[in-house]
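Below are the chains, spelled out letter by letter.
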Amino acid sequence: MALLELQNLQKHFGKTQVLRDLSLQVEEGQFVTLLGPSGCGKTTTLRIVAGLTDPDGGDVLLEGRSMLRLPPEKRELNTVFQNYALFPHMNVEKNVAYALRLMGMSARQRAARVAEMLKLVQMEGYEKRMPDKLSGGQRQRIAIARAVAPGRKLLLLDEPLGALDLKLRRQMQEEIKGLQKELGIAFLYITHDQEEALNMSDRIGILHEGRLEQLGTPEEIYERPTSRFAAEFIGQSTLLPCRVLAVGTEGMTLEFAGQKLPARATAGFRAGDEALVCLRNERVACLSPEAAAEASLPGTLVSRHYAGGSVRYVIELDAGPRVVCVAPSAGDAAFRPGQRVRAGWNPRETAVVR
Amino acid sequence: MKGNRRGALLGLPMTLWTAVFVGIVLLYLLALSFFTPTGEGYGVQPGFTLENYRRLLSPAYLQVLGKSLLLAFYTTLICLGLGYPFGYCMARAGRRWRGILMLLVIVPFWTNALVRIYGWKILLMGNGPVNDLLMALHLTDKPLKLLNTYGAVLLGMVYALIPFMILPVYSSVEKMDWSLVAAARDMGAGPMRAFVTVTLPLTAPGAMAGVVLTFVPAIGLFFISDLLGGATDMYVGNLVRDQMLKAKDLPFAAAVSVVLLILTLLILRLYRRFGGDSGDMTLF
Numbered sequence: 001m002a003l004l005e006l007q008n009l010q011k012h013f014g015k016t017q018v019l020r021d022l023s024l025q026v027e028e029g030q031f032v033t034l035l036g037p038s039g040c041g042k043t044t045t046l047r048i049v050a051g052l053t054d055p056d057g058g059d060v061l062l063e064g065r066s067m068l069r070l071p072p073e074k075r076e077l078n079t080v081f082q083n084y085a086l087f088p089h090m091n092v093e094k095n096v097a098y099a100l101r102l103m104g105m106s107a108r109q110r111a112a113r114v115a116e117m118l119k120l121v122q123m124e125g126y127e128k129r130m131p132d133k134l135s136g137g138q139r140q141r142i143a144i145a146r147a148v149a150p151g152r153k154l155l156l157l158d159e160p161l162g163a164l165d166l167k168l169r170r171q172m173q174e175e176i177k178g179l180q181k182e183l184g185i186a187f188l189y190i191t192h193d194q195e196e197a198l199n200m201s202d203r204i205g206i207l208h209e210g211r212l213e214q215l216g217t218p219e220e221i222y223e224r225p226t227s228r229f230a231a232e233f234i235g236q237s238t239l240l241p242c243r244v245l246a247v248g249t250e251g252m253t254l255e256f257a258g259q260k261l262p263a264r265a266t267a268g269f270r271a272g273d274e275a276l277v278c279l280r281n282e283r284v285a286c287l288s289p290e291a292a293a294e295a296s297l298p299g300t301l302v303s304r305h306y307a308g309g310s311v312r313y314v315i316e317l318d319a320g321p322r323v324v325c326v327a328p329s330a331g332d333a334a335f336r337p338g339q340r341v342r343a344g345w346n347p348r349e350t351a352v353v354r
Numbered sequence: 001m002k003g004n005r006r007g008a009l010l011g012l013p014m015t016l017w018t019a020v021f022v023g024i025v026l027l028y029l030l031a032l033s034f035f036t037p038t039g040e041g042y043g044v045q046p047g048f049t050l051e052n053y054r055r056l057l058s059p060a061y062l063q064v065l066g067k068s069l070l071l072a073f074y075t076t077l078i079c080l081g082l083g084y085p086f087g088y089c090m091a092r093a094g095r096r097w098r099g100i101l102m103l104l105v106i107v108p109f110w111t112n113a114l115v116r117i118y119g120w121k122i123l124l125m126g127n128g129p130v131n132d133l134l135m136a137l138h139l140t141d142k143p144l145k146l147l148n149t150y151g152a153v154l155l156g157m158v159y160a161l162i163p164f165m166i167l168p169v170y171s172s173v174e175k176m177d178w179s180l181v182a183a184a185r186d187m188g189a190g191p192m193r194a195f196v197t198v199t200l201p202l203t204a205p206g207a208m209a210g211v212v213l214t215f216v217p218a219i220g221l222f223f224i225s226d227l228l229g230g231a232t233d234m235y236v237g238n239l240v241r242d243q244m245l246k247a248k249d250l251p252f253a254a255a256v257s258v259v260l261l262i263l264t265l266l267i268l269r270l271y272r273r274f275g276g277d278s279g280d281m282t283l284f
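So the sequences go chain by chain: A and B. Per this note's numbering, the first sequence starts with residue 1, numbered consecutively. Per this note's numbering, the second sequence starts with residue 1, numbered consecutively.
Looking at chain A on its own, in the form it has when it is part of the complex (with noise of 0.2 Å):
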């Protein structure tokens, strides 16, 4: 049985369908991320396992039983809040042990499992701060505590690091991906940012107007985006307009401009479909003229530019779509922009989506 259950949930505001149908099972101790961007209802969903808000239809079950007929406070998970939601006029210690005293903890106990909060989120000594005289990546490391001090089974947390710098946002990853694996709590984490999703999560659920797009390991989602807005939602990818020619066993035979192009099996498609092939930047080599490759298409170089560890080729093929191509700077070929080249790409490598 899995911990927390989502079936089929339904929402609407107005005239506007947030969910439709949104199915998603997070199991004991799993990092499950749902990734979308802004307005694709995963606030919606965070807010509706937390009991703020009502889904028009479909159910919630933690542990196999259902949680819409109950009150935020009865439910046994807590939240991570987007900007922290610290209460402003209580200190660190309070902040924390608000949890535990509805609990009816003892201050003794209280007093103990802050200091062991504290010290998991390392901010001993911190007690007596205000919230206001913290610093945003200490905030962020409060309202954690806050939230896991409880001790429950499952997590939510609604874009933690959206406040913070990007060198921050780095290392709070890492320190919650590992605060994660050491308490042994499932996590349900809800971002934008495909970095963090690809980072942290065990499962990602890719978002998209309410719909789950798609859902899988950080790996099966990059290498095998099963939807056009998977793939172009998650890396940097040209996508190019083909029609399935053959499909094979080994592989499918594509067509592009007059051009055979050998692409990897994929499920779903027959001879005479529409499907476009996903040409990750860093995928594509820019080749010479005559250089030998799987699948290449011809093309001039548009622009180089060096970017210090890599450096990003933009090449317009003949057929006319324009193909990026990001390679490591070391051993760089260095083509000038107007040169004659091929995008190349290794099919195995390279998914296919209508």
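FYI, nobody ran anything at the bench for these hints, they're computed from the structure. Take the hints with a grain of salt, since some may be wrong.
The following residues of chain A were derived to be distant from chain B, with all beta-carbon distances above 12 Å [as the list claims (entries may be wrong)]:
1. R47
2. L86
3. S296
4. P298
5. Y306
6. S310
7. G320
8. P328
Derived DSS-like pairs: lysine-lysine, alpha-carbon spacing no greater than 27 Å straight-line [stated by the list, open to error]:
9. A:K153 / A:K119
10. A:K167 / A:K119
11. A:K15 / A:K74
12. B:K175 / A:K133
13. B:K175 / A:K128
14. B:K121 / B:K67
15. A:K128 / A:K94
16. A:K153 / A:K133
17. A:K94 / B:K67
Keep in mind it's a predicted model, so treat the numbers as computed, not measured. For each residue, glycine too, the CB sits at the ideal point set by N, CA and C.
Starting from the structure of chain A, add chain B where the hints point.
Below, chain B without anything else, positioned relative to chain A:
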């Protein structure tokens, strides 16, 4: 500092205005409170005497002061009890209701306060609409004495001053970050507990501003007790007026005013001591 000098220059008209129309007047009032009345009309004899203040310490006048403070206290208490929920609901209401409630609070300001209190006088009269209604509903068989009671005075005071409670409460509730209440609920607090532990402390500054804004004028209001209380009870406001207009004892009236002024300053001092911010007193 060039910027500072320019700022001071820009503020000069305001400073001058305050100095002339507030500062000088208050200084004159203070000076007047140490003078002696000549007994002929409004005549005063300049000098320095504490006699006016000494008179104020007599039991009769202290009682007037005490009664005024008590009335102000009750008024404030009732205003808080009614005004906080009103302001809270107004801030939480939808846009449409918020507009309607706001109008209800503000419209009375468009009419002279004295006129409105006369309105109450008519409502509460022996053969007025309130008694008519009570009799029509058979709640009483003969008209009740509503006018010229302490209750009527209290009613008038609350009626006149409650907007000054509602508006600061409204603005503090309106500024509330409701994700904090969501967090409290998430942490296991029921709606009541979340209100008491989170909403109430965070909107207390608004309520505190409301308390000051109702209590301070409540000490000095005199026409309400005159009109609705039948002028049988003497309050500080009445005292000042009577000493000025009837006894023509300007120095004593000034002394009473100075005491009221000091009281007000003390209350504001207290308000700041407990973390009050005059910004919370902004009504509109």
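Hint check results:
1. R47: Its Cβ does come within 12 Å of chain B, the nearest being 8 Å, so this is violated.
2. L86: Per Cβ check, L86 (chain A) is inside 12 Å of chain B; nearest 8 Å; violated.
3. S296: The claim holds: S296 (chain A) sits with its nearest Cβ about 53 Å from chain B, beyond 12 Å.
4. P298: 56 Å, holds
5. Y306: Check passes; 45 Å lies beyond 12 Å.
6. S310: Non-interface label stands for S310 (chain A): nearest chain B Cβ at 40 Å, farther than 12 Å.
7. G320: Nearest chain B Cβ is 49 Å from G320 (chain A), so the label holds.
8. P328: The claim holds: P328 (chain A) sits with its nearest Cβ about 44 Å from chain B, beyond 12 Å.
9. A:K153 / A:K119: Given pair K153 (chain A), K119 (chain A) holds - Cα atoms ~20 Å apart, limit 27 Å.
10. A:K167 / A:K119: Given pair K167 (chain A), K119 (chain A) holds - Cα atoms ~22 Å apart, limit 27 Å.
11. A:K15 / A:K74: 31 Å, violated
12. B:K175 / A:K133: 21 Å, holds
13. B:K175 / A:K128: 26 Å, holds
14. B:K121 / B:K67: 22 Å, holds
15. A:K128 / A:K94: 9 Å, holds
16. A:K153 / A:K133: The given pair, whose Cα atoms are some 31 Å apart, is violated under the 27 Å limit.
17. A:K94 / B:K67: Not satisfied, since the Cα-Cα distance of roughly 42 Å exceeds 27 Å.
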